[in-house]
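Visitor: Let the sequences and hints guide you as you build the complete structure.
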Amino acid sequence: SAPLLPETYRPLVVASSSPLAHMFPDHVDLDMRGKKHEWQATVLLPFVQIDSLLSQLEAMPLSESEAARNRRSRPLLFGSAVGALGLLRDAAAERSARRTSAAAGRVAQK
Numbered sequence: 001s002a003p004l005l006p007e008t009y010r011p012l013v014v015a016s017s018s019p020l021a022h023m024f025p026d027h028v029d030l031d032m033r034g035k036k037h038e039w040q041a042t043v044l045l046p047f048v049q050i051d052s053l054l055s056q057l058e059a060m061p062l063s064e065s066e067a068a069r070n071r072r073s074r075p076l077l078f079g080s081a082v083g084a085l086g087l088l089r090d091a092a093a094e095r096s097a098r099r100t101s102a103a104a105g106r107v108a109q110k
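In the UniProt record's numbering, the protein residues as written are 1 to 110.
Think of the hints as simulated: they come from the structure by calculation, not from any bench.
There are no misleading hints in this set.
Per label pair, the in silico range of CB-to-CB distance:
hint: 1; residue 1: E64; residue 2: P19; range: 21 to 27 Å
hint: 2; residue 1: E94; residue 2: A21; range: 45 to 51 Å
hint: 3; residue 1: P46; residue 2: R71; range: 26 to 32 Å
hint: 4; residue 1: P46; residue 2: R10; range: 14 to 20 Å
hint: 5; residue 1: R10; residue 2: Q49; range: 16 to 22 Å
hint: 6; residue 1: F24; residue 2: A92; range: 36 to 42 Å
Computed from a prediction, not measured in an experiment: that's the story for all the values here.
Every residue gets a Cβ at the ideal spot worked out from N, C-alpha and C, and that includes glycine.
Guide: Structure (C-alpha cells):
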C-alpha cells in the first residue's frame with residue numbers, strides 16, 4: 001500500500017532505516033488459536049505510536065500537488081460508462097449540471 005502514500009512519506013514505511021520501521025514490519029505473526037485456516041487467523045500488527053508518526057510527518061513537508069491530494073474534498077466517482085455505475089455517474093453529472101446552471105441563472109438575475 002506504500003504506492004498509495006504521497007511520495008514524500010513512502011520511505012517512512014518501506015525503508016529499513018526509517019525511524020518508524022518497527023511499526024511497518026515485512027512479516028507479521030498470525031494468531032491461529034481456534035482456527036483451522038490461515039484466512040481465519042487474527043493478524044497481530046504492531047501498535048502505531050501516533051505521536052512518533054505525527055512528529056515524523058510534520059518534519060516532511062508535502063509538495064503542493066501532494067498537499068492538494070491530501071485535503072478533504074468532494075468525493076470523486078470513477079467508473080466505466082457501461083453498466084450500472086456508468087448510469088449512476090451520468091445521472092449524478094446531469095443533476096450537478098442542472099444545479100450549476102440554475103445557480104448561474106439566479107446570479108445573472110440579481
